[in-house]
Structure formats: C-alpha cells, structure tokens
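For this one, chain Y is given, so just place chain E on it according to the hints.
Chain order of the listed sequences is Y and E. Residue 11 is where the first sequence starts when you use the working numbering, and the numbers rise one by one after that. Residue 2 is where the second sequence starts when you use the working numbering, and the numbers rise one by one after that.
Keep in mind that the hints are not guaranteed to be accurate.
[What the hints assert, rightly or not] With a straight-line cut-off of 20 Å between C-alpha atoms, the simulated EDC-like cross-links for lysine to aspartate or glutamate are: (1) E/92 - Y/179; (2) Y/52 - Y/201; (3) Y/52 - E/141.
It is worth saying that the hints were derived from the structure and are not from the lab. Quick caveat: nothing in here was measured; it's all calculated off a predicted structure.
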Amino acid sequence: MSTTALAQGLMVCRRCGQLNRPASEAGIPHCARCAGALHWRKPNSVTRTWAFVVAAVILYIPANLLPVIQSATITGSRNDTIMGGVVYFWTTGSWMLAIIVFTASIVVPGTKLVALVLLLVTAQRRSLWRPVDRTRLYRLNSYIGRWSMVDIYVGALSVALVQLRPFAEIQPGPGAVYFGAVVILTMLASESFDPRLIWDAVDDRHE
Amino acid sequence: MTPTTPPLAACPECDLLQREPDLVSEGCADCARCGAELFRNKPHSIDYTLAFIAAAAIVFLYANAFPLMDMDASGLRSSTTLAGTATALGKAGMPSVSLLVLATAILFPALELGAMTYMLVPLRLGRIPPGLRLAFRIVEWVRPWCMVEVFVLGALVAYVKLNDVAPVHVDPAFYALGLFVFLLAAADATFEPRAVWRCVCRLQA
Numbered sequence: 011m012s013t014t015a016l017a018q019g020l021m022v023c024r025r026c027g028q029l030n031r032p033a034s035e036a037g038i039p040h041c042a043r044c045a046g047a048l049h050w051r052k053p054n055s056v057t058r059t060w061a062f063v064v065a066a067v068i069l070y071i072p073a074n075l076l077p078v079i080q081s082a083t084i085t086g087s088r089n090d091t092i093m094g095g096v097v098y099f100w101t102t103g104s105w106m107l108a109i110i111v112f113t114a115s116i117v118v119p120g121t122k123l124v125a126l127v128l129l130l131v132t133a134q135r136r137s138l139w140r141p142v143d144r145t146r147l148y149r150l151n152s153y154i155g156r157w158s159m160v161d162i163y164v165g166a167l168s169v170a171l172v173q174l175r176p177f178a179e180i181q182p183g184p185g186a187v188y189f190g191a192v193v194i195l196t197m198l199a200s201e202s203f204d205p206r207l208i209w210d211a212v213d214d215r216h217e
Numbered sequence: 002m003t004p005t006t007p008p009l010a011a012c013p014e015c016d017l018l019q020r021e022p023d024l025v026s027e028g029c030a031d032c033a034r035c036g037a038e039l040f041r042n043k044p045h046s047i048d049y050t051l052a053f054i055a056a057a058a059i060v061f062l063y064a065n066a067f068p069l070m071d072m073d074a075s076g077l078r079s080s081t082t083l084a085g086t087a088t089a090l091g092k093a094g095m096p097s098v099s100l101l102v103l104a105t106a107i108l109f110p111a112l113e114l115g116a117m118t119y120m121l122v123p124l125r126l127g128r129i130p131p132g133l134r135l136a137f138r139i140v141e142w143v144r145p146w147c148m149v150e151v152f153v154l155g156a157l158v159a160y161v162k163l164n165d166v167a168p169v170h171v172d173p174a175f176y177a178l179g180l181f182v183f184l185l186a187a188a189d190a191t192f193e194p195r196a197v198w199r200c201v202c203r204l205q206a
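This is chain Y alone, in the form it adopts within the complex (with noise of 0.2 Å):
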C-alpha cells in the first residue's frame, strides 16, 4: 500500500528534500536542514500559475506583432518582428537558424502556454486522465522555457556590435520588452505549479 507524504503528516523541502514532522504551532514552518519556507503545496498554485499564464497570454500578442529588432543600413532601414527575422533566415538560406529561432522564439512559449493551460484545467477538474504523463509534461515544460530567451541574445549581441554609424546601425525594437516580459512570465508560471496537484486527485480516490 503507498502512501505520500501529506497523508502522513510529513512536509518535504523543495529546496533540500529533507521530511520535517511540522510543529502544530501557527506560522510557516522552515525545513529543519537548510531552513528553507516548508508548505504542504505551493501556496496558491493554480491561482498563481492562472494569473502568470493570463498575463503572459496577453504579452504573446504585443511580442509578435511589434519589432523586436530595427536595423538601418546605407542600403535602406527595415523592422523586423519575431516571425520576420525567421522569415529573413529562410530567404536567405539559412534554414537551420530559421528552424533555431522558430522553434526557440515560436514554438516553444506557445506549447508551453498550452501546455500550461492543460495542466492547470486538468488539475482543477481533478482528473485521473494520465497522471505520469502529465508529470512528465510538467517536467519538460519547466526544462525547455529558458531557450525562449535566444531571440533575446541575439537582439542583445546585434545591438552591440553592429553601431556602425554611418554605414549600420541595429536598435532594438519595442517588442524586444514584450517579449522578454513572456519568457519571464512562462518560466514562473512553470515555476509556480505544483505538479503534486496532478497526483493529489489520484491519492484521494484511492481512499
């Protein structure tokens, strides 16, 4: 017969991984290892995790649509959004980069956002629908949200070097801050899930 942690009476640190046995006293207790805050749950998971999608949602748009990158040569100046500077790779032959950005830029905050919403409807509902594979979900979505930030360093890097005046010049566009808000915004949402929700709606029907 398993049994988990809370059943038992038993906080484990997210920090250390260390049991405590709390003390029934009011306050948050600290792990008695590495004195890190213990909670039964992350404190209002699904609230938080909703409130750090919703806005990430929003930002998506703004990102997308607005440049992230303003470049003048002597040749002519051009504005390229996220999808543009995809578009620019592909054009130009550089198919592998466009792959790169694409997914990295594209892909990658949109799955997880999806990703996201269906962790967070299914741990409301409480469902028993595959619980390993949505931890597994839950553990890649926290893995892969910081390569978002590649659109970013390449903007950084091509601000930097390219100010050659009067012959280039690279200034970062204003979806640059949108973008960066929705990377930031996915890793805490991923951040703020508690994936033990999933397995909580398993325990309790097993009772």
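Chain E alone, transformed into the frame defined by chain Y:
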C-alpha cells in the same frame, strides 16, 4: 519539529513516500510512481564540484574581461564584451531588457559561482561556514535563471546573421564563454545536495 529517523524520501513531484534505496556508486534513484529523480550517489561530489567551479570561475572572469566578437566594416570597427551586450540595450532605451540580459548572463551565474564557492571551500577544509543554509538555498534558487548556454546559442545565431552586414570575427573570450557553459554544467551535474548535508552532519558530530 524534528526530522524523521527512518530513511524515507518523498517525491518532490508526486509526494509519494518511499524507502530510500541503497545506491551503487554513480547510481540514481527515481520515484517509483512518476519517475522524477530523487537523488544520486556521487562519490567525491564536493571535490568534483569544487574543481569544476574553480575552473569555471577562472574561465568566466576571462570571458567577461575581453571582447566576445568584433566587426570590421571597411575601416569602421566595433566590438563588444559580455557586459557590453547588456549596456548597449540600456543605451538604446531598453533598461528592462538590458537588466534581463545582465542578470541572466552575468549576475546570476556569478552568484551561483560565489555561493557554491562560499559553501564548498570551507566544507572541504573541515569547517561549516556561517550562512551555509542560505548559500545552499541561493544555489538552488538561482540555477534555473542562469542562461549562459542560451546566450551562447544566441551569439552563434547573431554571428551568422551579422556576417551578412559585415565580416564578424570571433574572439578568444567567446570560446572561453563556450567552455564556461560546459564547466558549469559539469559542476551542476556533479553537485549532490546530500553530500553537502552528510558533510555538515559529520562536522557537527
């Protein structure tokens, strides 16, 4: 509040309570139910991590001190350091993105190196540094926000892209930054929190 005595572990991702298996050297214990990694058995974890951290710190200093790339457009030259990529965004009127780059590519990696060194050097010498628990929590907290490997990928993309504007030259500091990515990954991979707490227990006894 007292830690429990029997060797039990709870899965951080599904909360399943399970007996800790005895691991062979280099072994890895995964949760019986959801497959999340519980812990690893890494012999000499502190020694290895310290060695990688020391090497990473030296390489990181070098990568920060010199230009990463430079560009030559028929006599007009420009170059940038790692910090220069952040300050250029600040100058261009994007302080928030500038701060994001500064934090994820320089400050957070430096914080991880600092906290690891502060924690592990005294332990290796047989002393428990004051604030060890805080240093440990900083390391665990800051890790997902260190994104130098993503920066390196971004720099490679920028390199190809900017070569269309004018010839770009990769400088030694950029190779150092690439090496830093591997050294920090090696430090993270050899770091086993349990080794730290075992060492603390031993020193307190």
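Quick rundown of the hints versus the structure:
1. For the hint pairing residue 92 of chain E with residue 179 of chain Y, the CA-to-CA distance comes to about 13 Å; that is within 20 Å, so the pair holds.
2. A distance of roughly 10 Å separates the Cα atoms of residue 52 of chain Y and residue 201 of chain Y; the hinted pair therefore holds under the 20 Å criterion.
3. Taken as a hint, the residue 52 of chain Y and residue 141 of chain E pair is honoured in the structure, with Cα atoms around 16 Å apart against an allowance of 20 Å.
In the structure shown, no violation is registered for any of the earlier numbered hints.
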